[in-house]
Each structure stands twice: as structure tokens, then as C-alpha cells.
Amino acid sequence: MTQEHQTLALLLFSAFVAVTLGITTWVSRNRRGSAEEFYAGGRLFSPMENGFAIAGDYMSAASFLGVTGLIALFGYDGLLYVVGFLVAWLVVLFLVAELVRNCGRFTLADVVASRMRERPVRIAAGTSSVTVSVLYLVAQMVGAGSLVALLLGGTSDAARSWTVIGVGALMVVYVSLGGMRATTWIQIVKAVLLLGGTVVLTVLVLVRFHGDVDRLLITAAERSGHGAAFLAPGLKYGGDWTARFDFISLGLALVLGTAGLPHILSRFYTVPTARAARRSVVWAVGLIGGFYLMTIVLGFGAAAILGPEAVRGSNAAGNTAVPLLALDLGGGAGSTGGTVLFAIVAAVAFATILAVVAGITLASSAAVAHDLYASLRRRGGTPRSEVVVARIAAVGVGAVAIGLGLLARDLNVAFLVGLAFAVAASANLPVLLYSLFWPGFTTRGAVWAVYGGLIPAVVLVVLSPVVSGSPDSLFPGIDLQYFPLQNPGLVSIPLGFLAGWLGTVTSAEVPDEAKHAETEVRSLTGAGAA
Amino acid sequence: MQQSKGRPRGGGAGQESWAEPFDGHDPVPPEEAGQLRYDDPWYDALASGWGESAGDGAQVPTLVPPARGEGVTGAAAADVYLEVQRSAAFQEVRRRYRRFVVPAFVAFFAWYVGYVVAATTAPELMARPVAGAVNVAMVAGLGQFLSTFLLTWAYARHARLRRDRAALELRWDTQELTRGVNGGRS
Numbered sequence: 000m001t002q003e004h005q006t007l008a009l010l011l012f013s014a015f016v017a018v019t020l021g022i023t024t025w026v027s028r029n030r031r032g033s034a035e036e037f038y039a040g041g042r043l044f045s046p047m048e049n050g051f052a053i054a055g056d057y058m059s060a061a062s063f064l065g066v067t068g069l070i071a072l073f074g075y076d077g078l079l080y081v082v083g084f085l086v087a088w089l090v091v092l093f094l095v096a097e098l099v100r101n102c103g104r105f106t107l108a109d110v111v112a113s114r115m116r117e118r119p120v121r122i123a124a125g126t127s128s129v130t131v132s133v134l135y136l137v138a139q140m141v142g143a144g145s146l147v148a149l150l151l152g153g154t155s156d157a158a159r160s161w162t163v164i165g166v167g168a169l170m171v172v173y174v175s176l177g178g179m180r181a182t183t184w185i186q187i188v189k190a191v192l193l194l195g196g197t198v199v200l201t202v203l204v205l206v207r208f209h210g211d212v213d214r215l216l217i218t219a220a221e222r223s224g225h226g227a228a229f230l231a232p233g234l235k236y237g238g239d240w241t242a243r244f245d246f247i248s249l250g251l252a253l254v255l256g257t258a259g260l261p262h263i264l265s266r267f268y269t270v271p272t273a274r275a276a277r278r279s280v281v282w283a284v285g286l287i288g289g290f291y292l293m294t295i296v297l298g299f300g301a302a303a304i305l306g307p308e309a310v311r312g313s314n315a316a317g318n319t320a321v322p323l324l325a326l327d328l329g330g331g332a333g334s335t336g337g338t339v340l341f342a343i344v345a346a347v348a349f350a351t352i353l354a355v356v357a358g359i360t361l362a363s364s365a366a367v368a369h370d371l372y373a374s375l376r377r378r379g380g381t382p383r384s385e386v387v388v389a390r391i392a393a394v395g396v397g398a399v400a401i402g403l404g405l406l407a408r409d410l411n412v413a414f415l416v417g418l419a420f421a422v423a424a425s426a427n428l429p430v431l432l433y434s435l436f437w438p439g440f441t442t443r444g445a446v447w448a449v450y451g452g453l454i455p456a457v458v459l460v461v462l463s464p465v466v467s468g469s470p471d472s473l474f475p476g477i478d479l480q481y482f483p484l485q486n487p488g489l490v491s492i493p494l495g496f497l498a499g500w501l502g503t504v505t506s507a508e509v510p511d512e513a514k515h516a517e518t519e520v521r522s523l524t525g526a527g528a529a
Numbered sequence: 000m001q002q003s004k005g006r007p008r009g010g011g012a013g014q015e016s017w018a019e020p021f022d023g024h025d026p027v028p029p030e031e032a033g034q035l036r037y038d039d040p041w042y043d044a045l046a047s048g049w050g051e052s053a054g055d056g057a058q059v060p061t062l063v064p065p066a067r068g069e070g071v072t073g074a075a076a077a078d079v080y081l082e083v084q085r086s087a088a089f090q091e092v093r094r095r096y097r098r099f100v101v102p103a104f105v106a107f108f109a110w111y112v113g114y115v116v117a118a119t120t121a122p123e124l125m126a127r128p129v130a131g132a133v134n135v136a137m138v139a140g141l142g143q144f145l146s147t148f149l150l151t152w153a154y155a156r157h158a159r160l161r162r163d164r165a166a167l168e169l170r171w172d173t174q175e176l177t178r179g180v181n182g183g184r185s
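Taken in sequence, the protein lines are chains Z and S.
Position 176 (the first sequence) corresponds to 175 in numbering that gives the first Met the number 0; numbering is contiguous.
Position 19 (the second sequence) corresponds to 18 in numbering that gives the first Met the number 0; numbering is contiguous.
In short, the hints are calculated from the structure, not lab data.
These figures come from a predicted structure and were not determined experimentally.
Hints should not be assumed to be uniformly reliable.
Here are a few chain S residues that face chain Z, going by a calculated C-beta distance under 7 Å [claimed, not checked]:
(1) S86
(2) F107
(3) A109
Simulated pairs of lysine to aspartate or glutamate, DMTMM-like, Cα-Cα distance not exceeding 20 Å [stated by the list, open to error]:
(4) Z:K235 x Z:E221
(5) Z:K235 x S:E168
(6) Z:K514 x S:E123
(7) Z:K514 x S:E82
(8) Z:K235 x Z:E308
(9) Z:K235 x S:E82
C-beta atoms are modelled at their ideal positions from N, C-alpha and C, and glycine is treated no differently.
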């Protein structure tokens with residue numbers, strides 16, 4: 000890449016950082032420092048604002064960079080991610096959004112703990128929330144690293160590492176100073192920028208093919224070297240049965256995982272009522288659906304215009320397909336249009352990463368402070384100290400994510416997000432659904448449901464080809480591979496549900512009828528909601 | 000609702016609305032329901048201290064001390080919820096929610112799993128051309144988008160027209176009752 004690209008992109012990105020830091024200072028100028036303010040932004044966002052913020056939280060670098068790259072390299076198989084990411088919102092809308100808004104205050108554990116003995120349940124749910132968040136954070140960090148490697152040309156290790164560290168530091172500043180209010184506004188700004196950038200690129204791709212989508216698909220298939228097979232499933236996940244089961248496993252994880260993501264759940268607490276939560280999901284579905292339809296065009300556009308070789312040449316996992324596409328659409332390397340468009344896309348992608356990372360960091364710091372710390376510490380602390388703990392936790396989570404992000408930098412970003420979804424679907428979703436809908440659910444059932452999903456999911460990942468035993472693994476040198484699938488969802492999600500059921504039927508505890516009545520009445524009517 | 004418990008009760012209007020069974024019609028015309036403002040005057044007040052961790056109760060301006068450790072108050076509030084849960088009005092709201100959500104969930108989940116399984120086990124079927132470069136797989140993928148948009152719209156409409164009004168009334172009534180119970184003691 001030329002010097003111009005770098006300068007312009009860095010300039011635009013600095014502008015975004017300046018604006019977001021401005022937002023952070025502005026919203027925190029007379030903050031009250033209450034937990035309500037820090038975790039939920041005062042609960043006064045409108046459905047439209049929250050809808051944009053949800054979209055901003057959800058449309059991660061994984062979608063923008065990873066999924067388009069997968070479509071560019073593998074054609075139709077990349078599209079499965081997109082479908083799963085969107086359909087998942089029906090689970091959220093039908094079963095989770097309104098009920099969680101009505102029953103909880105800040106975190107997933109609030110909903111579960113209200114019916115159970117609080118301490119063990121909070122510790123379990125807090126642990127799994129932090130695990131999911133850290134996995135998701137690593138994916139975003141890897142995206143940041145590969146973006147900067149492209150931007151600065153070559154694979155300068157130092158530049159990559161410093162980017163990951165820089166992104167981590169910025170997110171800690173946003174979260175610990177601005178809390179939910181600043182995070183939300185950053186996500187709204189980012190959603191608008193990302194959608195704007197995607198619309199421009201999509202229009203340019205369609206213009207290049209004179210609006211003929213058929214032509215676009217045929218060209219993509221021809222250039223891919225796979226012919227018509229490029230437009231049908233099977234290139235990445237065809238072949239042997241292991242790959243096919245991996246595909247089904249991933250599909251399940253995507254559709255069930257969203258409803259268990261802590262940073263998505265915490266967004267519903269930023270609006271005043273369950274009705275507002277529902278309407279924000281409707282906004283989000285519209286925005287996210289539109290965005291993913293456009294990423295499909297961009298993915299096939301990258302295959303048709305650049306060809307898979309160019310995409311793979313820049314980044315083996317395909318993470319840099321969109322910036323390269325922008326460069327070409329603007330007029331190619333060296334032209335003014337190409338430079339500008341490339342810089343805009345790079346800056347938008349950075350903004351995306353920052354905003355998503357801030358949302359996740361906030362959710363995990365809430366889990367640490369509100370669930371883990373509040374359950375584990377000695378009694379007698381003041382409420383104020385919980386927010387202080389949350390700010391400190393944000394720093395700690397940031398440090399862990401930076402470390403893992405540096406380690407995992409060669410994995411495809413969309414794939415890493417798939418893992419986070421699998422853990423969320425296995426550990427968080429069963430306990431959430433059981434406590435909302437099962438009258439006989441008990442404390443032991445809740446604890447078993449969390450650990451019974453979390454431990455298998457994590458252990459299966461450790462024993463999978465992702466970590467060891469194949470040339471693409473994190474540790475290619477050692478061989479601990481006993482589980483054939485890359486995504487554990489197919490096994491660990493049913494295990495989570497099974498463990499919750501088993502724990503409940505084996506426990507001597509008599510389920511509290513009144514507590515269940517309270518949960519049910521509150522979840523459907525909003526009585527006594529915070 | 001039974002009146003047998005002799006507990007201080009909130010507004011009488013609430014009782015009346017509970018006593019009226021739903022006749023299956025929408026309680027309000029659609030336009031009106033859409034424009035209702037659902038402000039929440041009890042905004043910060045957790046009536047029972049429900050769902051709080053041990054430490055942060057103090058910062059929320061509660062009307063009463065948290066239920067934990069207040070056995071009598073807690074038990075009374077629990078009775079209120081049991082009573083509401085057994086009321087015809089609540090069961091109607093719950094029935095309406097479930098009668099939409101359960102079939103809709105089964106339908107889209109089966110459609111999605113079917114799509115994923117078909118993509119892995121029957122690639123020949125999915126590769127069959129429909130028109131030009133567009134094949135069955137493309138149509139199915141876009142169909143998933145379309146069905147998601149449609150179900151989102153249908154759910155939001157159903158909730159707005161068939162549930163919101165009744166749920167809101169139940170909410171006020173329940174809060175009146177819990178407040179009456181708790182307020183009588185503090």
C-alpha cells in the first residue's frame with residue numbers, strides 16, 4: 000500500500016477516535032456514577048436509538064471482513080453464516096428480549112438468580128458470560144490486527160501488536176469513563192458509518208455489473224475456478240462427514256447463540272419498557288437484515304472483481320477482501336478514488352471493531368462486578384464501589400483480550416465468532432430459557448445447566464483441530480486433537496439443556512411456586528420492572 | 000379473583016378489569032393501541048427488591064426494604080404474584096403469547112434446520128438451477144431472509160394488538176397490590 004492510503008486512513012480514523020472520545024467526555028461530564036447509569040445508560044434510550052445501537056453492537060468486524068472474505072473464497076458456504084446471524088434474531092425477539100427486559104436489571108444472571116439461591120447461580124452465569132465475551136473480544140482483536148497489517152503493508156509484527164494494544168487501550172477508556180451511555184452513542188455512530196459505507200460499496204459493485212445480479216454471480220463463479228459449484232453449498236463444508244457435521248454444528252450455534260450473548264442482552268436494559276425492547280429488536284432486524292443482504296453482494300463482488308487468488312494472497316483467511324474491493328471499485332491502486340474509498344473502508348472497519356469491542360467489554364465488566372464480585376466479596380461494601388470494580392474489570396478484560404488477540408491472529412474472524420456463539424448457546428441459553436419457562440427449575444438445575452454447557456464447549460474446543468493437531472492450529476506442534484469438529488455446538492448445546500434438566504430432577508430442592516409465579520407475571524406484564 | 004385474603008388492596012378499578020373475562024376481541028382499536036404511551040412512574044422503584052444482589056440495593060430508591068430478610072413482607076408480595084398468576088386476565092395474556100410464539104418458533108426453527116441439513120446432505124438438490132445463475136440454494140437463502148422479516152413484523156403486530164394493553168393493565172394492578180402490601184408495613 001502507498002503512503003497516501005495510510006495517511007488518509009489514519010486521518011479518518013483519528014477523526015473517528017476524536018469524535019468518540021468527545022462523546023465519552025460529553026456524556027460523562029455530569030454522570031452520577033450510579034450502577035443504573037454505568038450499566039444501562041439511565042435506561043432512557045428510544046427504540047430507534049437502541050435499534051441502531053444493537054445493530055452497531057452486532058454487525059461486527061467478523062461480518063464485515065470475515066463473512067465477505069468467506070463468501071469471496073468459498074462462495075455459497077459463506078452465506079450460511081449470514082443466514083444464521085439473521086435468523087437468530089427471531090429467537091431473541093420471541094423468547095428473550097421482552098422477558099429479559101422485564102425480569103432483569105443489568106445482566107443475564109439477574110434473570111436467573113431471582114428465582115434461585117443467588118450466590119451459586121450468579122457465580123456460574125457470571126463466569127460463562129465472561130468466557131463468551133472474551134472469546135468474542137479475541138475475534139474482534141484479530142480483525143483489528145489483520146486490518147492494520149493490510150493498511151501498513153506487509154506483515155509487520157510490531158505494527159500489528161501495537162494496533163491490538165491500541166484498540167484495547169481505547170476501548171478501556173471508552174468503557175471505564177463513559178459507561179453504557181458513551182458506548183451506546185459510539186455504537187450508533189458506528190452503525191450509521193458502517194451502513195453508509197456498505198451501501199456505497201454495494202451500489203458501486205452493482206453499477207460495475209450494470210445492475211445485473213445474474214451477471215455478477217456468473218462472473219464470480221467463473222473467476223473462482225469452481226464454476227457453478229461456487230454458487231451451491233459444499234465447497235468448504237462438503238466432502239467428508241466431519242465437515243458436514245461441522246456445518247450443522249455451526250448453523251445451530253449461530254441461530255441459538257445470539258440470544259445468549261451478554262452484550263446483546265445488556266442492550267435491552269437501556270430502554271424504559273419491554274415494549275421499547277421489542278421495538279428496538281424490530282429496528283435491529285431491519286438494519287441487520289439489510290446489512291447482511293449487502294455483504295452477500297460484496298462477497299460475490301469481491302470474488303467476481305478481484306478473484307479469490309488476490310483475496311487469498313493478501314490474507315489467507317480472506318479477512319481483507321472488502322478493503323481490497325474498495326480499492327478496486329474506487330479506480331484501483333494509485334488513483335484518488337481508490338485511495339479515498341480504501342481509506343474510508345479501513346476507517347469504518349476500525350470504527351466497527353472499536354464499537355463492538357467497547358460493547359463487549361462493558362458487558363463483561365458488568366458480569367465481573369455485578370455478578371462475580373458482588374457474590375464473592377465480603378459484605379459491607381458500598382454500592383458505589385461496584386461501579387469502581389466494573390471500571391477496573393474493564394481494564395482487566397481488555398488486557399486478557401489483548402493477550403489472546405496477539406496469540407490467535409491467523410484464524411478467520413468469522414470462525415472465531417462462531418466459537419463464541421457456540422459457547423453462548425451452550426452455557427447461557429439453556430439456563431435462561433429454563434428459568435423463564437420451566438416452573439420446576441431449581442438452583443442445582445441452573446448451576447448444572449451453565450457448567451454443563453460451558454465446560455463441554457470449552458473442553459471440546461481445546462481438543463478440536465482449532466487448537467492442535469493440524470497445520471492451521473494455534474499450536475501446530477502438539478497434538479491434543481480428540482474431537483473432530485471445529486465448532487462444538489452440535490454436542491455442547493444439547494449437553495447444556497440435558498445438564499439443566501438432570502440437575503433439576505435430581506435435586507431435593509422443592510421449586511418455589513411463588514418465585515416462579517413472580518417470574519412469570521413480571522416477565523409478561525413488566526410489573527415491578529427496573 | 001378471590002377476595003378472601005382480607006389484605007389491603009390497591010385501586011378498585013384494577014379488580015374490575017380483572018373480573019372481566021377477555022372476550023377474544025382486541026381491547027382497543029389498533030390505532031389507539033399503537034399510540035399509547037407506556038411511561039412508568041415507578042421507574043426506579045423495585046417494589047420487592049427482587050433480583051438484586053446483596054450490595055447494590057441501597058442505591059436504588061426503593062419504597063420499602065428489600066424482601067430478603069423481611070419474611071412477612073416478602074411472603075405477602077409472593078401471594079400477590081400467585082394471585083395474579085391465577086387470574087383469568089393473566090392467563091389470557093400468557094395464552095395469547097404462547098399461542099403465537101410456540102407455533103412460530105417451531106415453524107422457523109424447523110425451516111432453518113431443514114435448510115442447513117439440506118445444504119449439507121443434498122447439495123445436488125440445492126445446486127439445481129432455477130433461473131440464470133440463481134439456484135435452489137440461493138432461493139432458499141433469500142427465503143430465510145424473507146421469512147425472518149415477515150415473522151418479525153407479524154410478532155410485533157400481534158404483541159401490539161393482542162397483548163400490550165392487557166399486559167399493561169395487569170402491570171398497574173400488580174404494582175398497586177404489591178405496593179399496598181408493602182406500604183402497609185413500612
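Tested hints:
1. S86: violated, 9 Å
2. F107: With a minimum Cβ separation of about 5 Å from chain Z (threshold 7 Å), the hint on F107 (chain S) holds.
3. A109: violated, 12 Å
4. Z:K235 x Z:E221: It holds: about 17 Å lies between the C-alpha atoms, which stays within 20 Å.
5. Z:K235 x S:E168: violated, 53 Å
6. Z:K514 x S:E123: violated, 52 Å
7. Z:K514 x S:E82: Holds, at about 12 Å.
8. Z:K235 x Z:E308: holds, 16 Å
9. Z:K235 x S:E82: With Cα atoms ~56 Å apart, K235 (chain Z) and E82 (chain S) exceed 20 Å; violated.
Comparing the model with each earlier hint shows violations of hints 1, 3, 5, 6, 9; every other hint is respected.
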